[in-house]
Amino acid sequence: MHTLSLRELADGLARAQFSSEELTQHFLKRIAAHNPTLNAYITVLEDHALAAARNADEMRASGENSLLLGIPLAHKDIFCTNGVRTSCGSKMLDNFIAPYNATIVDKLATAGMVTLGKTNMDEFAMGSSNETSYYGPVRNPWNTNCVPGGSSGGSAAAVAAGLAPAATGTDTGGSIRQPSALCNLTGLKPTYGRVSRYGMIAFASSLDQAGPMTRTAEDAALLLQAMAGFDEKDSTSIDCAVPDYSASLNHSLQGKVIGVPKEFFAEGLSDAVADKIREALAEFEKMGATLKDISLPHSHLSIPCYYVIAPAEASTNLSRYDGVRYGHRCDNPLDLADLYTRTREEGFGDEVKRRILVGTYALSAGFYDAYYRKAQRIRRLIKNDFIEAFKEVDMIAGPTSPNPAFALGEKVDDPLTMYLEDMYTIAVNLAGVPALSIPAGMADGKPVGLQLIGRDFCEGDILNAAHQFQLQTDWHKQFAPAFA
Amino acid sequence: MAVSPSDIEKIAHLARIRIAPEQIDSVAERISDILAMVDQMQAVDTDSIPPMANPHDAVQRLRKDEVSESNQRERFQAIAPRTEDGLYLVPKVIE
Amino acid sequence: MEWETVIGLEVHVQLSTRSKIFSGASTTFGAEPNTQACAVDLALPGTLPVLNEEAVKSAIKFGLAVNAEICRESVFDRKNYFYPDLPKGYQTSQMDAPIVGPGHLDIQLADGSSKRVRIHHAHLEEDAGKSLHEGSFDLHGHGMSGIDLNRAGTPLIEIVSEPDMRSAEEAVAYLKKIHSIVTYLGISDGDMSQGSLRCDANVSVRLKGDDTLGTRTETKNLNSFRFIERAIEIEAQRQIDVLEDGGKITQETRLYDSERNETRPMRSKEEANDYRYFPCPDLLPVAIEESLIKDLQAHLPELPDAKRARFEAHYGLSAYDADILTAERFIADYFEEATTAAGDAKMAANWITSELMGRLNREGLAFQQTPVSAKQLGGLIQRIRDNTISGKIAKQVFEALWQGDGHDADSVIDAKGLKQVSDSGAIEKMVDDVLAANPDQVEQFKSADDKKRKKMLGFFVGQIMKASQGQANPGMVNQLLNKKLNG
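Chains as they are written, first to last, in numbering that gives the first Met the number 0: chain A, 0 to 483; chain B, 0 to 94; chain C, 0 to 486.
No lab work stands behind these hints: they were computed from the structure. All values derive from a computational prediction rather than experimental measurement. For each residue, glycine too, the CB sits at the ideal point set by N, CA and C. Accuracy of the hints is not assured; some may be wrong.
[Said to hold, decoys possible] Partial list, computed: chain A residues near chain B (C-beta under 8 Å):
id: 1; residue: Met0
id: 2; residue: Ser4
id: 3; residue: Arg6
id: 4; residue: Pro242
id: 5; residue: Pro303
id: 6; residue: Arg372
id: 7; residue: Ile377
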């Protein structure tokens, strides 16, 4: 059961091949068996999940038959879940029992999905290896000496190891796509504003988006369908109709033009990944698409730009963690200054502190124009690159990550090298456009991800291309051998 | 751009994060490295480019002036570190 | 040396919206602590702001009332600082693109002149919560403060003037004008005792004739007209004393202590702040359509200046009376209703400004709390005008209405038998009785000169009015007396 797709599980439930309770039990058993190795979950909601599963079975018995009813999933521990610890991977929120549900948690519960638990993540989603978590690193099911990627590393490992059939993630600079690439999953970052951010703990407000992490593009379409849509509680949520993503999956790619940016194949890309990506691109040609060399001339500025905008926004988003109303508070504060500085010293890890300091610096008097304003101008140049490119192409393709999964501890002491892991994903967040990563082969037994980038609000186009690719290939069907 | 240990003390104070004195130098070094990387931006002339705050250049939607929230003090204060008589307690605020 | 005081005011006006500026929590004043602080107000992780339409409209109305430009694409910024009454660690405010641009208003001064004060801008922002300083102690006996976040997120407009005022009197007149504009517009209750209108004063002094500004201080915590006046006078004098002693003014934030009547530096604001303003990424620019501005302009109520001019022209009131009667919309409406009932605007104005306001003042009541309605007062005046009662009796009737005895002037007059006596026979009898009872005075009168006679006539009138318990028609008494004594 744990290797089936959401679509297959939905069929199984509809045909009563198994109940939601049996399915949920199965995943809970696998979590109990394998989570100690992988550390993919921070919190497992056994009782809650079984109760929800039984409820789903009763609803199905009484005639309810919505597609996702009774299917389990895992939520990244960045989404507030009512009555459940929501830690965001941080000591700061280790004791935080959220008193409300994030909009997408509500939406997926309304769709009948069963929450198995909350997955591990880089602290406040700041990281590309899941090594900054207060709850310890997550291991990659394909090679447990390697990182699963980050920041949605727990979600990626859980799905890749069959500890959940699908999971939610969030993506600020690649945090859905890069771990999906490193764990052989399909992961989609929707257009900024497509999915509500309400109840999703903020890292960088103008970049953060929630999205699905699944085994197949078809599953990603199903899960996105349930997550997407306007939310009046989020001012940045876009009020535009959500199309039927499953309906467009089978459109032909004949005549589609796929842009291949030369900047995505330049210095920094490992040969092993480059080979697999070129093979994948050739597959699209076979399906009738045309490849076109393009340029995104400001790509090299996306990491510098991002490492101003994201830390700047984060530095003030994280000011609310002050030990007054919830979360960690230092013992016996001497005075107000001591309460603040010690609570935050103890509650935040090194990478979070580092980004808060960089962001504070970038916004401080005398540096604002040179850093923050400058980065906002560069951001427009990056967005304009995409606008220009999409005048000539229907979508853009390239590697998701320059390298396959790397060893635990390999880059953790070198932030700048770690930041380069997101060199192909970050521009997408700055531009706000949708993008996904799909399995595109193996390099030394480690998965490689292909990234497809679409026009604003055209998630359907890239899901369509991804699905067509998955009809021709079986990379996405490969399962981490140690957990099969 | 290199930041000095005293710059770090200043921004750590603004951010209300205590940094142990023996760590200040290494933090300053790390942050200088990041800022040096970020400084690649300075090579580009952007004077004619308007800043972009939101990827869609969207505008704000307005909410009707209606009271939609009810009192949930008990639930909210159940997760508070320290309260008394419905108030959040902090070390004395000096004006 | 002759010194000149230069004052600019920052006025915070709480908008009387039902819900908060960025959340659906209630803004009602006086609720139990933290019962009106919702998830957004508490800055729970993951919560997001959504802007209240009414707050935007209120700000636009204010802008239109002070002849200001309305910003077509207004931006909210985060003002970052740590304080326990500020849950997010930043205040959502406006810096570079405030909703109301430069404008101006005119203030009236005691000498009858008026003066234009320029408004630099006005912006929308959220209020903070409150720190309460009594009560608890921690393990080490350190004092604790309690934080109430009910007020956090209440919409404010902050109105920033240019440094155009030159005296405490002008500052108070400016503040009173702001108060009357916002209450006329109905965008605030203007209740200073509840903090609905608060003021910080930027004060500097310079030698008269100097055109550069001196170093200024910002004095906070000015929550009544009287305190503002006193605080500015005291702060200006302090600065003059410092300068005359050869000292220098430090640019700083000071707190006004009304009990000691002094200003002193605020300890918490000692360090130079770096607020790191930047556009709030959770809120988008507010696009304001021309059509909305036009619509709000068309529905703007008559504002104090227009009303004052109309009261002078239409009712023939003095500038002074018109000023007093238009200070608040409630008073102006009261005056117009009383005038309609009385049929005489000047009498209504006199009764309101002297009798009614005097009494309200003595009792420490706000005008809104008057127990005598406009209709009651108008009815009373009507009875003076038709000679049913004298002015003197009218004061008794007014007192009865104030005490709630009787639902209108007529019922009081009837119940107490206060109707004026105008029956010539009855009055003649009273005159005869008084003359007969005072033969010596009658003799003196007859031998006196004109000047003395006038004085003595007053004596007889007084005696007769006394005998009639004030109800004799004074005109008829005079007429009869003259006839009998001179006849």
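Evaluation of the provided hints:
Because the closest C-beta pair between Met0(A) and chain B is about 37 Å apart, greater than 8 Å, the hint is violated. Interface restraint check for Ser4(A): the shortest CB-CB distance to chain B comes to about 31 Å, outside 8 Å, so the restraint is violated. Here the hint on Arg6(A) is broken, as its CB sits about 31 Å from the closest CB of chain B, past 8 Å. Because the beta carbon of Pro242(A) sits about 18 Å from the nearest beta carbon in chain B, more than 8 Å, this interface hint is broken.
At its closest, the beta carbon of Pro303(A) sits 5 Å from a beta carbon of chain B; the interface hint therefore holds under the 8 Å criterion. Hint on Arg372(A) holds. Least Cβ distance to chain B is approximately 6 Å, under the 8 Å limit. Because the beta carbon of Ile377(A) sits about 5 Å from the nearest beta carbon in chain B, less than 8 Å, this interface hint is met.
In this structure, the hints that do not hold are numbers 1, 2, 3, 4, in rising order.
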